[in-house]
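Each position in the sequence shown, counted from 1, maps to that position plus 1 in my numbering.
These aren't lab readings, by the way, just hints derived from the structure by calculation.
Be a bit skeptical, because a hint or two may be false.
[Claimed, not checked] Just the calculated beta-carbon pair ranges, DEER-fashion:
# : residue 1 : residue 2 : range
1 : 125       : 6         : 17 to 23 Å
2 : 70        : 91        : 43 to 49 Å
3 : 20        : 106       : 26 to 32 Å
4 : 112       : 55        : 21 to 27 Å
Glycine included, every Cβ here is placed at the ideal spot set by N, Cα and C.
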Amino acid sequence: MANIQPNRYVMHSNDNKLKVDYETTSFIGQPVLNLTQAPGPIRHFAGSQIRRLETEVGTLVTVTTQMTVDTGSTSLSLLIPAITLNAISDQQNFTTEAIVTTHSGPNSVPANGVHEKYHFVHLQGEANFIFALVEPVLAASATSSK
């Protein structure tokens with residue numbers, strides 16, 4: 002029995018207004034996250050725009066969705082549970098939460114009090130393993146440069 006860690010997580014809210022496609026590594030060798038918040042367009046995040054933190058309750062994956070200089074920011078965090086697949090072709094359904102956090106900034110009114118507000122969104126998801134062609138692409142580029 003193989004113990005394979007998924008590298009792709011596709012999630013959506015019950016009303017499909019929030020959709021997330023997160024890959025821990027992509028063909029360019031870095032994580033990517035595609036986010037759709039209806040009615041807006043798909044937003045793409047990659048590399049250092051995606052922050053990942055291993056915790057006791059799962060992996061917390063966070064992106065900043067809105068940033069202002071003086072009045073704060075908004076972030077989206079996903080709680081990804083630990084999942085093991087039996088085979089590369091397996092997929093595993095799961096449920097989790099997204100946390101939309103509104104952070105107040107230095108010029109927010111009032112200046113004192115609670116500085117984060119949380120909105121929880123229940124998500125259903127599917128975890129699977131996809132092949133990333135990082136090694137073949139890197140090998141091919143190294144060979145062609147010689």
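Status of the hints after comparison with the structure:
Remark: the range hint 17 to 23 Å for residue 125 to residue 6 is upheld by a beta-carbon distance near 20 Å. At about 46 Å, the CB distance of residue 70 to residue 91 agrees with the hint of 43 to 49 Å. Separation of residue 20 from residue 106 is about 28 Å and conforms to the stated range, judged on CB atoms against 26 to 32 Å. A beta carbon spacing of about 34 Å between residue 112 and residue 55 contradicts the range 21 to 27 Å that was offered as a hint.
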